[in-house]
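Q: If you want the building blocks of each chain, they are given just below.
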Amino acid sequence: MTANLTHYLALSAALFGIGLYGVLARRNAIAVLMGIELMLNAANINFLAFWRFLAPNSVEPQVYVLVVLTVAAAEAAVGLAVVLNVYRSFGTVNLDEIARLKG
Amino acid sequence: MISPSIFVFAPLASAALFTALMVVRSRNVIHAGYWLLPCLLAVAGLFGSLEAHFFVVVQILIYAGAILILILFALMLTRDVMDPKQRQTTKFAPLAVPLCIFVGLGGALMMARAPWPAIQAAAPGPAEQTKALGLGLIGDYALPFEVASLILLAALIGAICLAKAEKEPAAPEPVIDLRGEIELEESVSAGAADGH
Numbered sequence: 001m002t003a004n005l006t007h008y009l010a011l012s013a014a015l016f017g018i019g020l021y022g023v024l025a026r027r028n029a030i031a032v033l034m035g036i037e038l039m040l041n042a043a044n045i046n047f048l049a050f051w052r053f054l055a056p057n058s059v060e061p062q063v064y065v066l067v068v069l070t071v072a073a074a075e076a077a078v079g080l081a082v083v084l085n086v087y088r089s090f091g092t093v094n095l096d097e098i099a100r101l102k103g
Numbered sequence: 104m105i106s107p108s109i110f111v112f113a114p115l116a117s118a119a120l121f122t123a124l125m126v127v128r129s130r131n132v133i134h135a136g137y138w139l140l141p142c143l144l145a146v147a148g149l150f151g152s153l154e155a156h157f158f159v160v161v162q163i164l165i166y167a168g169a170i171l172i173l174i175l176f177a178l179m180l181t182r183d184v185m186d187p188k189q190r191q192t193t194k195f196a197p198l199a200v201p202l203c204i205f206v207g208l209g210g211a212l213m214m215a216r217a218p219w220p221a222i223q224a225a226a227p228g229p230a231e232q233t234k235a236l237g238l239g240l241i242g243d244y245a246l247p248f249e250v251a252s253l254i255l256l257a258a259l260i261g262a263i264c265l266a267k268a269e270k271e272p273a274a275p276e277p278v279i280d281l282r283g284e285i286e287l288e289e290s291v292s293a294g295a296a297d298g299h
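As given, the protein sequences belong to chains A and B, one line each in that order. So in my numbering, spot 72 of the first sequence is number 72, and the numbers just go up one at a time. Every number in my numbering is 103 more than the matching position in the second sequence, counting from 1.
Just to be clear, a hint being listed does not mean it is correct.
Said to hold, decoys possible - Just a few of them, taken from the derived set where beta-carbon distance is under 10 Å, the chain B residues facing chain A:
#1 A116
#2 A135
#3 G136
#4 S152
#5 F176
#6 L202
#7 P220
#8 Q223
#9 Y244
Bear in mind the hints are in silico, worked out from the structure with no lab data behind them. Every residue, glycine too, gets a C-beta built ideally from N, C-alpha and C.
From just these sequences and the hints, can you work out the full model?
A: Encoded structure:
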């Protein structure tokens with residue numbers, strides 16, 4: 001019994017759906033960022049599954065994964081800095097209570 | 104032509120999905136943060152089952168090491184505002200559930216119905232793979248590499264600027280150490296006395 005590309009792609013789609021739920025439904029801004037991390041992980045599984053099954057001698061999918069990882073790290077750093085700033089000025093990190101744009 | 108075994112894939116995949124569900128379903132955000140760790144490790148294991156050895160290490164170092172620590176720190180810094188007893192989801196959550204089931208299951212079914220070719224060739228070994236990636240990053244893929252480094256630099260500066268306190272605390276009043284002054288005066292007067 002072997003796992004083929006279908007298994008990995010289905011898993012990645014399901015993981016993406018779970019991450020999307022975290023992004024859409026959670027109130028806490030940091031929980032939303034965790035949902036984004038899950039979605040980026042799903043994308044990485046997809047890239048590496050395609051690399052392994054369709055083009056194991058190509059470097060390109062791995063470069064994509066590396067760029068996704070970089071963007072994920074940058075997103076986490078900037079996103080959490082924004083959340084801390086919001087917490088400092090609003091006293092909350094609940095996204096539905098942060099409705100003011102100015103002042 | 105070695106495909107990953109289903110007996111490796113199935114436990115890792117179910118662990119990843121279960122822990123991911125726990126991440127988005129936990130009432131306590133700190134618990135959600137801690138559930139993220141086994142989830143990221145399961146994804147690292149899946150990378151291992153795909154023979155992407157370099158990315159197993161990178162996943163553990165960057166995701167489970169750096170990003171997770173950052174998230175846990177942010178959770179701890181904002182801990183007092185999120186009571187697990189209060190509502191954890193926005194008012195759009197009932198809408199989000201069918202949408203996410205549609206995206207997740209629909210995507211999974213769509214992937215399952217497509218005729219994917221069988222595995223093409225054996226993957227190169229860990230050393231060859233990593234060497235090829237490193238040569239690619241300074242060769243054909245130098246531009247994405249440089250863009251990635253620029254993104255990291257911009258994020259570094261941006262995060263520092265954002266996280267810095269807006270209002271500097273008022274500078275404390277300079278404390279005048281009288282003892283030092285007295286000693287100085289004494290030594291000056293003593294020096295003056297010596298001079299005379």
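Q: Look at each hint and say if it fits the structure.
A: Each hint tested on the structure:
1. A116: holds (5 Å)
2. A135: holds (6 Å)
3. G136: At about 7 Å, which falls below the 10 Å cut-off, the nearest Cβ of chain A leaves the hint on B:G136 intact, so it holds.
4. S152: Given a least distance of 7 Å, the restraint on B:S152 holds.
5. F176: holds (8 Å)
6. L202: With Cβ-Cβ at 7 Å, under 10 Å, it holds.
7. P220: holds (7 Å)
8. Q223: holds (6 Å)
9. Y244: Holds - the Cβ of B:Y244 comes within 10 Å of chain A, reaching about 4 Å at its closest.
The structure meets every hint from the earlier list without exception.
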